[in-house]
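Visitor: Can you make the complete structure from the sequences, with help from the hints?
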Amino acid sequence: MNTEAMQIAEQFDSAAQQREAATFGMWIFLATELMFFGPLFFGYLYGRTHFGEAFGAASRHTDIALGTINTTVLLTSSAAIASAAAARRLGATRLAMRLLFVTAALGTLFLVLKGIEYRHEWQEHLVPGLRFSFAPQYTDGAEIFFFLYFVLTGLHAVHLCAGIVLTLFFALHLRRENLLFANEEKIEIAALYWHFVDVVWIFLYPMLYLIERAGG
Amino acid sequence: MSDHFPMLLADASSAAGRFDWLMLSLLLVTGAMAVLLAGLIIFFSIRYRKGSAADRTNPPSGARGLEAAWTIFPLLMFLGIFTWAAFDYAQLYRAPDDALPVFVVAKQWMWKVQHPNGRREIDELHVPLGEAVKLVMTSQDVIHSFFVPAFRVKQDVVPGRYTSLWFKATKLGTYHLFCAEYCGTDHAGMRGRVIVMPPDEYARWLQQGNTESGIAAQGFALFRKYGCSGCHSAGSSVHAPDLTGLLGRTVHLQDGRSLIADENYVRDSILLPKKDVVAGYAPVMPSFAGQVSEEDILALIEYLRQTGADHDDRQRP
Amino acid sequence: MGDYKRQLLIWFCLMVLLAATFSSAWLELGFWNTFVNFAIAAIKAALVVIFFMHLRRGSRAIRVAAFIALFMISLLFVISGSDYATRQVQSAPWQAPQQLSSAITVQR
Amino acid sequence: MTIASDPEQNRANVPRTDEPVASSGSENYFSRDFSLKSWLTTHDHKRIALLYMASIIAFFFIGGAAATVIRLELATPQGDLVTADTYNKLFTAHGVIMVWMFLIPSIPSVLGNFLMPMMIGARDLAFPRLNLASWYVYMTGGIFTLLALVLGGVDTGWTFYTPFSTMFSNSNVILVMVGVFIVGISSIMTGLNFIVTVHTMRAPGMTWFRLPLFVWANYATSIILVLATPVLAMTLVLVGLERLLHVGIFDPALGGDPLLFQHLFWFYSHPAVYIMVLPAMGVVSEIIPCFARKRVFGYRFMAYAILGIAIIGFLVWGHHMFVSGQSVYAGMVFSLLSFLVAVPSAIKVFNWTATLYKGSITFTAPMLYALGFVGLFTIGGLTGLFLASLALDVHLTDTYFVVAHFHYIMVGGAVMAYLGGIHFWWPKITGRLYPEIWGRVAAVLIFCGFNLTFFPQYLLGYEGMPRRYHSYPPEFQVLNILSSAGASILAIGYLLPMFYLAWSLFYGKRAGANPWQATGLEWQTPSPPPKDNFDTTPVVTEEPYAYTPQITSGLVQ
Chain A
1 MNTEAMQIAE QFDSAAQQRE AATFGMWIFL ATELMFFGPL FFGYLYGRTH
51 FGEAFGAASR HTDIALGTIN TTVLLTSSAA IASAAAARRL GATRLAMRLL
101 FVTAALGTLF LVLKGIEYRH EWQEHLVPGL RFSFAPQYTD GAEIFFFLYF
151 VLTGLHAVHL CAGIVLTLFF ALHLRRENLL FANEEKIEIA ALYWHFVDVV
201 WIFLYPMLYL IERAGG
Chain B
1001 MSDHFPMLLA DASSAAGRFD WLMLSLLLVT GAMAVLLAGL IIFFSIRYRK
1051 GSAADRTNPP SGARGLEAAW TIFPLLMFLG IFTWAAFDYA QLYRAPDDAL
1101 PVFVVAKQWM WKVQHPNGRR EIDELHVPLG EAVKLVMTSQ DVIHSFFVPA
1151 FRVKQDVVPG RYTSLWFKAT KLGTYHLFCA EYCGTDHAGM RGRVIVMPPD
1201 EYARWLQQGN TESGIAAQGF ALFRKYGCSG CHSAGSSVHA PDLTGLLGRT
1251 VHLQDGRSLI ADENYVRDSI LLPKKDVVAG YAPVMPSFAG QVSEEDILAL
1301 IEYLRQTGAD HDDRQRP
Chain C
2001 MGDYKRQLLI WFCLMVLLAA TFSSAWLELG FWNTFVNFAI AAIKAALVVI
2051 FFMHLRRGSR AIRVAAFIAL FMISLLFVIS GSDYATRQVQ SAPWQAPQQL
2101 SSAITVQR
Chain D
3001 MTIASDPEQN RANVPRTDEP VASSGSENYF SRDFSLKSWL TTHDHKRIAL
3051 LYMASIIAFF FIGGAAATVI RLELATPQGD LVTADTYNKL FTAHGVIMVW
3101 MFLIPSIPSV LGNFLMPMMI GARDLAFPRL NLASWYVYMT GGIFTLLALV
3151 LGGVDTGWTF YTPFSTMFSN SNVILVMVGV FIVGISSIMT GLNFIVTVHT
3201 MRAPGMTWFR LPLFVWANYA TSIILVLATP VLAMTLVLVG LERLLHVGIF
3251 DPALGGDPLL FQHLFWFYSH PAVYIMVLPA MGVVSEIIPC FARKRVFGYR
3301 FMAYAILGIA IIGFLVWGHH MFVSGQSVYA GMVFSLLSFL VAVPSAIKVF
3351 NWTATLYKGS ITFTAPMLYA LGFVGLFTIG GLTGLFLASL ALDVHLTDTY
3401 FVVAHFHYIM VGGAVMAYLG GIHFWWPKIT GRLYPEIWGR VAAVLIFCGF
3451 NLTFFPQYLL GYEGMPRRYH SYPPEFQVLN ILSSAGASIL AIGYLLPMFY
3501 LAWSLFYGKR AGANPWQATG LEWQTPSPPP KDNFDTTPVV TEEPYAYTPQ
3551 ITSGLVQ
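Residue numbers (my numbering), protein chains in the order written: chain A, 1 to 216; chain B, 1001 to 1317; chain C, 2001 to 2108; chain D, 3001 to 3557.
FYI, nobody ran anything at the bench for these hints, they're computed from the structure.
Bear in mind the structure is a predicted one, so any value in this text is a computation, not a measurement.
For each residue, glycine too, the CB sits at the ideal point set by N, CA and C.
Be careful, since some hints might not be right.
As the list claims (entries may be wrong) - Here are the simulated lysine to aspartate or glutamate pairs, DMTMM-like style, with alpha carbons at most 20 Å apart: (1) B:1275 to B:1263; (2) B:1274 to A:53; (3) D:3358 to B:1067; (4) D:3358 to B:1263; (5) B:1050 to D:3436; (6) B:1112 to B:1124; (7) B:1275 to A:53; (8) A:186 to C:2028; (9) B:1225 to B:1242; (10) B:1171 to B:1200; (11) B:1171 to B:1141; (12) B:1171 to B:1242; (13) B:1171 to B:1201; (14) B:1274 to B:1255; (15) B:1134 to B:1200; (16) B:1171 to D:3463.
Claimed, not checked - For each label pair, taking beta carbons as the anchor points, the in silico distance ranges come out as: (17) B:1047 to D:3082: 49 to 57 Å; (18) C:2085 to B:1244: 51 to 59 Å; (19) A:115 to B:1251: 42 to 50 Å; (20) B:1046 to D:3448: 51 to 59 Å; (21) A:154 to B:1282: 37 to 45 Å; (22) B:1264 to A:115: 37 to 45 Å; (23) B:1034 to C:2057: 50 to 58 Å; (24) B:1093 to A:154: 39 to 47 Å.
Guide: Okay, here's the thing in structure tokens:
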């Protein structure tokens, strides 16, 4: 267990109560986040069932190589931050700090690769509303697919940015040995958020890259 | 005007009678419940007002049997009402096979009606007394809702698809037609009249002043006007598929797919000819998007449907 | 150090699953492609949630919260989906946005 | 600052007394510091509640002004007072402001914020800073919306139905939706805070089944806030994108489905009705036992009914869509579920009535509001059965019947209970008593004015007058005039409390800690409460609502 004294906010009676409230609060927030993605997932289901072939054709235009590399990157980052939380719990603060930096770096790498993907899609006229052209028989469906693709990945990227800022924030506090602030509980909670962003991607990957990859 | 519309809502369709029965029954049941509750509250309020001499020994703070009773009793009652209402509702969506079809197109802010023989009217709907009429409706812009209070029927009119509504008028007269789904600035002005006439008068009305030919005949005129016949007729020098009896036919496409030609397919072929190119033909047809109106497309489809029927007649001995 | 080892093991499982879903996508399985992809995604998500996010040792309230969120989002899918599954849509052959203004010439 | 020394020490051996604990001095949350900065940076849930109260009152009167113009316009069949466009913008403004800026935050953010920590014996909510942030977010969203409404307005109705909102409306749709989105974030913050607080901050001995029903109600409401609001938020984002980019999933011209929007919208907006009415039920469940001097009848049943309403309330959204073109089968499922959600509501009404039995009832102003709530909620609920009945809904939906129905629930119900709650806890909040007679006059006035306003609308709806009509056929005029006349009485009824409550702030009699001799932890601490609510953390040893009819209320004769 944690040996340093915890800062206890005045509304709480004990460190345990504070920890429980914070962790539970994060889970409730994640439940909210899940529901926030809900309409998009349902919109995807609508499109997939109504424009099956068009979705398949559109999905084949996404960059599966970058998508798969990105999935690897994000899964690895999740393992890194989980280890960082474990390290912080075990008191290995230097290791925790380094792992947090690794996590943030992997997150940034993900965003860079995503940016490259977006550039490809712009060049290939796959940005709905702004620059879009597709095989005429699939125009409607493919446009909806790429609309959802950009909203989903864009929203995911925004969440990831928040995660990176959060991770860097705690990493820097650890580097300054501000152990009271960057305590086990907070890093654990930041990790929860990071994992959620990862879980969203785990579903986005097959939804956006893998459907009917083998052909109609 | 106002003497056409008496204060008490007329019941002028077969659905209205059933509606009023259900409404009245539910009103009695809920009214009884409301009176019972109000009575109890007032009675308790008076009897157990502070300082009254009423007996207050052993005040209950719960009674499992009683609570179970007032859970189960309303539940059963609700299930009963649900069943009744659901049954009536299903009737509203099951049009008789011989119902007279009338096409309705809603747009901001008017109702455009076309009868099967081609007679059009705007913001008015003439229907025969005692005959089932089925409205096939769609919208050109936003969602509207076709509502005739005297008939107790209402159906949203949704762009991009057909919705339908049927009724059998049972009383002669003129009734309100309202748009019930908010549709923009002049929503309140999107009103019309439904005029119920004796069947013979309706038949006369249909012919009277009808300068329009039937929808299919209009379609034939359009088929020539837009130059479709230039390529798609049998003697054309352009290599284009024959459209006789197209609707319902299986069409094989260039990319190996095949589909049953339906209304949507015809529409797409007119507006987006490159979408589904028929096997063996070059994609030479220009798009008619922006040139041909939705109503004209409908007429063209009806014409093609007609050719199919003629075709079938000729095939049959 | 058991903690780190377990993280590593989970990471390895995730990578194997990723490889599996990636390669299965290239087989022509029709509907089963989708099924396999999402089944694997669900397993991966479960691994992350249970082991990385410690749902397993979370309090009961946390587990209930996670369950209710999942339940609610599936409600959205199941109940709305039941409408789509049973709706008989006759697509209207009209309605093309580019002609809203020009096409109709009927006078009021 | 008067932080209770060490809670761990105080916690043990504090006997629970029925007498209020002596205050640690005259300093309370209100008088600690009068500077504006201390208010705007406060973390005290009680002060934040008051910030909320001031803001929602302002929004209530803005929304009410829109309603006034609407009723004036409808006094004549012709559209002669304002233009059709203006009218459409007015009812949209009325709906948007009343739903998101007033009703949804009303009871939870004001009364809930003030009372929840006290009722469970906590010093504050679990996340005080988040609580303050939620108010700032709310104000940002509210002012944003207000600006959009003032600078041109929006004419989609509060429901934002597509494709009207995405393609055809020429008004500030996106701005207003951004405002609603922001306010939604504030709701989520409040809900999250409440859930965590109820789970983790209860005082020793405060078990789940010792929670006051008000806490249960706000807890259930918070679950809805947290799970439904994000769906609305994302749906609005999608509508906005569709409007901007002309791609999307809601417009049939783009391959989308307008019913998809309706499903997503009502997935939030039907449970939103329960966000408004559940806390109202909580308030009434506090007031009625107190003034009947009796334990609430069937406490556990009431708690379960609250949870039941919150959960089943999530399953019934499609009853807004019976004639929209959704499948007949789906319509039947939603209708059946809607009848099921009526059962727990009925249970609650029966239980309130049974609470009166063998009580010792005084008819104070809060009690009159509460009884008024029961009456109006009953009428609203019973007419809900008409709308849940498929065949009846075909005729009644989108008419004034629906308007009357939801006003009975949301105005007759929620606003009545909100006012009842404000009166009930006014002595606790301010330490002063309001003039009782004026309180009763206002309650009766509102009840009568309300019925005169909205009952004729049921008849109008049955007669077939569609809602959102700027002009109407002349035969509807009589009922519309009745309704407008009632609205003027209602307006006076709503203005009246503003005056006497404000008056009482300065001249009202001092209230003791517990003027109603009520049970509940919030009454065990001085009025107004000290900053940390309790000098020592209370320990709960008995069931809630430990009233006995023999004890007479000392205050009101």
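Visitor: Next step is simple, just say for each hint if it's right about the structure.
Guide: Here is what the structure says about each hint:
Under the criterion of a C-alpha separation no larger than 20 Å, the hint pairing residue 1275 of chain B with residue 1263 of chain B is consistent with the structure, at around 15 Å. For the suggested pair residue 1274 of chain B and residue 53 of chain A, the alpha carbons sit about 16 Å apart, so the restraint of at most 20 Å is met. For the hint pairing residue 3358 of chain D with residue 1067 of chain B, the CA-to-CA distance comes to about 17 Å; that is within 20 Å, so the pair holds. Among the hinted pairs, residue 3358 of chain D with residue 1263 of chain B is inconsistent with the structure: their alpha-carbon atoms are about 70 Å apart, more than 20 Å.
Proposed proximity of residue 1050 of chain B and residue 3436 of chain D is supported: the alpha carbons are some 17 Å apart, at most 20 Å. At most 20 Å may separate the alpha-carbon atoms for a hinted pair to count; residue 1112 of chain B and residue 1124 of chain B meet this at roughly 8 Å. With a CA separation close to 13 Å, the supplied pair residue 1275 of chain B and residue 53 of chain A stays within the 20 Å bound. For the hint linking residue 186 of chain A to residue 2028 of chain C, the alpha-carbon distance of about 46 Å lies beyond 20 Å, and the restraint is violated.
Restraint check for residue 1225 of chain B and residue 1242 of chain B: satisfied, since their Cα atoms lie roughly 18 Å apart, inside the 20 Å limit. Taken as a hint, the residue 1171 of chain B and residue 1200 of chain B pair is honoured in the structure, with Cα atoms around 15 Å apart against an allowance of 20 Å. In summary, the hint linking residue 1171 of chain B to residue 1141 of chain B is not supported, as the alpha carbons are separated by about 33 Å, beyond the 20 Å threshold. At roughly 48 Å between alpha-carbon atoms, residue 1171 of chain B and residue 1242 of chain B are farther apart than 20 Å, so this suggested pair is violated.
Restraint check: the Cα-Cα separation between residue 1171 of chain B and residue 1201 of chain B comes to about 14 Å, which is no more than 20 Å; the hinted pair holds. This hinted pair checks out: residue 1274 of chain B and residue 1255 of chain B have alpha carbons roughly 12 Å apart, not beyond 20 Å. For the proposed pair residue 1134 of chain B and residue 1200 of chain B, the alpha carbon gap of about 19 Å is at most 20 Å, so the pair holds. A distance of roughly 17 Å separates the Cα atoms of residue 1171 of chain B and residue 3463 of chain D; the hinted pair therefore holds under the 20 Å criterion.
At roughly 51 Å, the beta carbons of residue 1047 of chain B and residue 3082 of chain D sit within the given window of 49 to 57 Å. Roughly 36 Å separates the CB atoms of residue 2085 of chain C and residue 1244 of chain B, a value that falls outside the hinted 51 to 59 Å. The supplied range of 42 to 50 Å is met by residue 115 of chain A and residue 1251 of chain B, whose beta-carbon atoms lie about 44 Å from each other. The hint said 51 to 59 Å for the Cβ distance between residue 1046 of chain B and residue 3448 of chain D, and at roughly 20 Å that hint is violated.
Restraint check, residue 154 of chain A to residue 1282 of chain B: a C-beta distance of roughly 41 Å satisfies the suggested window 37 to 45 Å. One distance hint, 37 to 45 Å for the beta-carbon pair residue 1264 of chain B and residue 115 of chain A, holds here, with the actual separation near 39 Å. Between residue 1034 of chain B and residue 2057 of chain C the beta carbon distance is about 53 Å. The supplied range of 50 to 58 Å therefore holds. Between residue 1093 of chain B and residue 154 of chain A the Cβ separation comes to about 41 Å, which falls inside the hinted range of 39 to 47 Å.
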